[in-house]
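Colleague: Read off the chains here:
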Amino acid sequence: MPNPKERDEWAHAPFEAATIERLRALVADLDAGQRLWLSGFLAGSSGAVSAASAPSASATAQRSVATILYGSQSGNSERIARLLHDKFKERQVEATLLDMMDCKKAHLESAQRLIVIVSTHGDGDPPDRAMAFADFLSHPKGLRLGHLSYCVLALGDSSYEKFCETGRQFDARLEALGAKRFRPREECDVEFDLVARRWIDDVLTHVVASSNAGVQSNGEIAPRGGDAEIRSATVSTAHTRRNPFHAGILTNQRLTGRDSSKDVRHIELSLEDSHIRYEPGDAVGVVPKNRPDAVDALLNATAFRPQALVRVDSQETELRSALIEHFDIGPVTPALLQRYAAATGSSPLAELGRSPDAERRYLYGRHLVDLVREYPPAGLAEAAFAQLLRPLAPRLYSIASSQKSAPDEAHLTVSVVQYESFNAPRYGVVSNHLADLATDGASAPIYLHRNGGFRLPADPRTPIIMVGPGTGVAPFRAFVAERELTGAGGHNWLFYGDRQFASDFLYQAEWLDARKRGTLHRIDVAFSRDQAEKIYVQHRLRERGAELWAWLQEGANFYVCGDAERMAPDVHAALIDVARIHGALTEERALDYVTGLQRDRRYQKDVY
Amino acid sequence: MAAGEHVMPRALPLEELNPNERIKHGSRFLRGTLMETLADPVTGAVSEADGLLTKFFGIYQQDDRDQRDERRRSKLEPKYQFMARVRLPGGACTAAQWLALDGLARQYAGNTLRLTTRQTFQFHHVSKRNLRALIQGINAAGLDTIAACGDVNRNVICSANSLQSPAHAEVSRLAHDIGARLLPRTGAYREVFLGSPAPEPPPDDEEPMYGSTYLPRKFKIALAVPPQNDVDVFAHDLGFIAIVENGAILGYNVCVGGGMGMTHKASATFPRLSEVAGFCTPDEVPDVAEQTLCIQRDYGDRKDRAHARFKYTIEDRGLDWFREELAARRGRALQAARPFRFDSSADRLGWLQGADGHWHYTLFVENGRLADTAKRPLLTGLRAIASVHPGVFALTTNQNVTIAGVSEADRPAIEALLTSHGIANDGYISGIRQNSMACVALPTCALAMAEAERYLPSLVDKVEQIVSQAGLADDPITIRMSGCPNGCPRPYLAEIALVGKAPGRYNLYLGASANGDRLNALFRENIAEAEILTELDSLLRRYAAERTPGERFGDFTVRAAVVPAMVNGRDFQRAPDSSRSIG
Chain A
1 MPNPKERDEW AHAPFEAATI ERLRALVADL DAGQRLWLSG FLAGSSGAVS
51 AASAPSASAT AQRSVATILY GSQSGNSERI ARLLHDKFKE RQVEATLLDM
101 MDCKKAHLES AQRLIVIVST HGDGDPPDRA MAFADFLSHP KGLRLGHLSY
151 CVLALGDSSY EKFCETGRQF DARLEALGAK RFRPREECDV EFDLVARRWI
201 DDVLTHVVAS SNAGVQSNGE IAPRGGDAEI RSATVSTAHT RRNPFHAGIL
251 TNQRLTGRDS SKDVRHIELS LEDSHIRYEP GDAVGVVPKN RPDAVDALLN
301 ATAFRPQALV RVDSQETELR SALIEHFDIG PVTPALLQRY AAATGSSPLA
351 ELGRSPDAER RYLYGRHLVD LVREYPPAGL AEAAFAQLLR PLAPRLYSIA
401 SSQKSAPDEA HLTVSVVQYE SFNAPRYGVV SNHLADLATD GASAPIYLHR
451 NGGFRLPADP RTPIIMVGPG TGVAPFRAFV AERELTGAGG HNWLFYGDRQ
501 FASDFLYQAE WLDARKRGTL HRIDVAFSRD QAEKIYVQHR LRERGAELWA
551 WLQEGANFYV CGDAERMAPD VHAALIDVAR IHGALTEERA LDYVTGLQRD
601 RRYQKDVY
Chain B
1001 MAAGEHVMPR ALPLEELNPN ERIKHGSRFL RGTLMETLAD PVTGAVSEAD
1051 GLLTKFFGIY QQDDRDQRDE RRRSKLEPKY QFMARVRLPG GACTAAQWLA
1101 LDGLARQYAG NTLRLTTRQT FQFHHVSKRN LRALIQGINA AGLDTIAACG
1151 DVNRNVICSA NSLQSPAHAE VSRLAHDIGA RLLPRTGAYR EVFLGSPAPE
1201 PPPDDEEPMY GSTYLPRKFK IALAVPPQND VDVFAHDLGF IAIVENGAIL
1251 GYNVCVGGGM GMTHKASATF PRLSEVAGFC TPDEVPDVAE QTLCIQRDYG
1301 DRKDRAHARF KYTIEDRGLD WFREELAARR GRALQAARPF RFDSSADRLG
1351 WLQGADGHWH YTLFVENGRL ADTAKRPLLT GLRAIASVHP GVFALTTNQN
1401 VTIAGVSEAD RPAIEALLTS HGIANDGYIS GIRQNSMACV ALPTCALAMA
1451 EAERYLPSLV DKVEQIVSQA GLADDPITIR MSGCPNGCPR PYLAEIALVG
1501 KAPGRYNLYL GASANGDRLN ALFRENIAEA EILTELDSLL RRYAAERTPG
1551 ERFGDFTVRA AVVPAMVNGR DFQRAPDSSR SIG
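First to last, the sequence lines map onto chains A and B. Residue numbering for the first sequence follows this note's numbering, starting at 1 and increasing by one per position. Residue numbering for the second sequence follows this note's numbering, starting at 1001 and increasing by one per position.
Calculated directly from the structure, the hints in this document are not laboratory data. A few of these clues could be false.
Below are the DSS-like pairs computed for lysine-lysine, each with C-alpha atoms no more than 25 Å apart in a straight line [unchecked claim]: (1) B:K1055 <-> B:K1218; (2) A:K104 <-> A:K516; (3) B:K1265 <-> B:K1218; (4) A:K262 <-> A:K534; (5) A:K180 <-> A:K87; (6) A:K180 <-> A:K141; (7) B:K1462 <-> A:K262; (8) A:K141 <-> A:K104; (9) B:K1375 <-> B:K1462; (10) A:K162 <-> B:K1218; (11) A:K534 <-> B:K1128; (12) A:K516 <-> B:K1128.
So here's chain A without its partners, still in its complex pose:
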């Protein structure tokens, strides 16, 4: 007998009643692992997924014989591309017209034949709209194009030194990635009309001739996504904190603008060969490691011998490496202070412990090294000292990507913690480790942390409201990508906030794109330092209270991610207010309503 929640889910299933019964019986027999595998398999097989947006790579590639990919600044490349596209249409040949700005990895992977038209500007630069594509071709992250045949039309101005440079580079890059040139590159000067027309005729002849043959061979092309999914899903793995996966760093990109007071990074990890399968809402644990220079500073402040053996998890380890790998040497907690006071017999420290206020003031910004400098651990042996310390905790980062759009990647949004206290620079252990990693061969030890309490609604039609200021926006990047790729019909509403609009709007360009594509239906923002009064997301929630209430009445889920200390309680209070004011409820009923949302798992939090 299915539980009530399950029944709920089936009620919205897009099947006939008889089919539902068969599926339900089938699913009931599966264990958890089998269900997981099946969900991954179905999610990955192209038949189950219908991309909702215009640049849907798989849908178009099925029928399309050629993809015409253009990068245009003044419109010339685009005009030629459109002309070619029209000619294809006249001949009833299915071709896809694609702006480089909209080109995703999947487009290249699913295309059979790629026709590139691109101009060169300034000092050999690509058009602005093709910059990202150029970057991508130079750092293609495991892209292989052995299946692809292509040709390039390069536009340029021969009075410049680097004539047709972009076309030449793209041509070379595509070749390097394994694609096969079906026609040599053509280069056009300022007067391009004639050359372009001849080129169009030539390409047309070639493609039309070979596509007739291609229709039959289409079926023989190995199905891409499906098989790969099967292989990866059948191998079970268990990367844990003790047995982390060493994920290569694909991208380490600052997200905050040059005037920002913060350094927030977008880090893309390679999951290739890890067999890690994650869902939106899941997090990645990063195994921490203290900076050796910070450990040495601590050792230098004491008389401890770095090679002295201490006990870690019932094993003997040298103190220095134990301090690097296993113990937290950062900010001192009240509990540590008390243990340290007891172990060293320091009466001033014991005194401090009796006044919580004085203790808080004393501990503010104080790291272990500051404590041992002021109150040396006299008479304390290395092993006893180590016993006092807390284990170094791993850091969890919400995954900011959907595995459906980036199957071998997990993206993290990392705020790099750096500040100064007691005349010394302090570094957040993991964030700085990640921020310092270069993209050439470096890796980070990670494991998957499932976060079942933070999940997209089972019914794709359910609207969602996402409140994610700062790095709290990370899982919502995954949510929106997932809902876009699965063609979920429910509307998506994001509340974002940070300090300054101009420099702290994480993933701004992507949100704008999603809004334009119609996959982010509403977005409200609050920037606290752009005006005299501080404005936060909770203010926007109250301002939009009537609509928010209407969304909740339509069954919307409500998600909050980010700061647990102040933001989440403020948002919680705002939500109660919205229920009270716009639902015309008493304070008590409003509270019940919000509690009810939590109980029904329609109000989920991922706060830290």
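Starting from the structure of chain A, add chain B where the hints point.
Modeller: This is chain B only, laid out in the frame that chain A set:
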């Protein structure tokens, strides 16, 4: 288009015209969706169509191009910001207005003001959320920004300083009259930026003169008082040259069909000097201006914006056609043109006494940039002067400012402030620097292909070494740099012009006259600094050795056949003759 063809481009169906025409027509007299896109807090930009409309209100959307690529990688939209240009017919403002604009620049516009080649102020670096406050501040000072850009008649310019002589005063009044007469009538500006209520029902005939599609392109008018041609009167769509006899203005020669802009390598585009079509009396001027603008409204090309300026209408249809068309519209012909003579297109820097005995100090402002630098706190210095000076600040079309109407008694106080702030012209300024001019270009201008304002001063440092070694340090030589070929700093009228092609690369043009009546010609294409300096070094040495008494550098390069005399703009876009070499 063949002369005598009678199809008015304006009468063609909209679908056949440039997409901009459809946007204008569908904008409900420039309202578009500006209220909505200005209120959208998720982007610092307005929509593309709205960006076209804001130009009619003197507002350009720009972005910091220095940060463009970096922000793209950071997944941030470009650093959008707005430039707002004040409408200031005749280029003069009061001290109180100066103080107001200075305050707005400090509050909203990155602590800087820019004086333009069209005799007005530009604010840069204004964010969308501050845009309304800035525009309201400008209006509170009794000024506005309407029609400072867009496909309309732009800010009307005239020979600087109305206090200089009664003739200058009369020309300045005329600039105001023309400007007022040709101003768009739409209420959109007041509704969108000043909070006026929108009319109910929406009006359908707000622009009796312009109509719903306004002009095919911008339209520029200049008035000059000979012998100064500071306004470069031949560089504009429509020019009026005052004919002065014994201090009184008898009337104006009317010249039509000038304009600077072109596109590199597009031979159908070229700078063109206007031609004198005839003479009219002072009271006829506003009507001649309006009817000329209406001719362009009806006959200007509305399909190809690169061919839409009035200069191409005149080039294609001829001056006689224009004379007939104007006569038919006005019911009377222009009189025969009167003789006139221009000496120079430069400003006269420093103190100059006016006809009424008052003094006027023209302050050199390199490239029109008013900002506080360690060496020259121009913004603060001028603020101090505006706080005590009861007169007028007259902007020149060469990007300088004249502190105008200073009494003999007040002169020492002004001089003391100029000196104490270290902004006076006393420090040595070479002849070539005095006559240098650059457009804004990078990082804010969307059209720039190369640096201009940020680069020209350091290039001039190097050219100064050449001129001083050649003994030409005090000779006035005009040098103008433009980041693109569109010609805001009127580069094609400079004795030396550098027009940007790509970062660090310029076309070098030579041979314009010093009084604005002959264009220059392409000498070297796509060269970098080292080559620029090598060429100038050899040319300037040769000029010093071979010039005839009083001969200007531009005239010399033509006489010495370094470049041909560029008589017709249509010949401008031809490749330089590489066999011609000097030295």
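Colleague: Take the hints in turn and mark each one as holding or not.
Modeller: Now for the hints, and whether the structure bears them out:
no.	hint	verdict
1	B:K1055 <-> B:K1218	10 Å, holds
2	A:K104 <-> A:K516	16 Å, holds
3	B:K1265 <-> B:K1218	22 Å, holds
4	A:K262 <-> A:K534	18 Å, holds
5	A:K180 <-> A:K87	23 Å, holds
6	A:K180 <-> A:K141	19 Å, holds
7	B:K1462 <-> A:K262	41 Å, violated
8	A:K141 <-> A:K104	12 Å, holds
9	B:K1375 <-> B:K1462	19 Å, holds
10	A:K162 <-> B:K1218	35 Å, violated
11	A:K534 <-> B:K1128	19 Å, holds
12	A:K516 <-> B:K1128	20 Å, holds
Hint compliance for this structure: hints 7, 10 are not met, and every other hint is.
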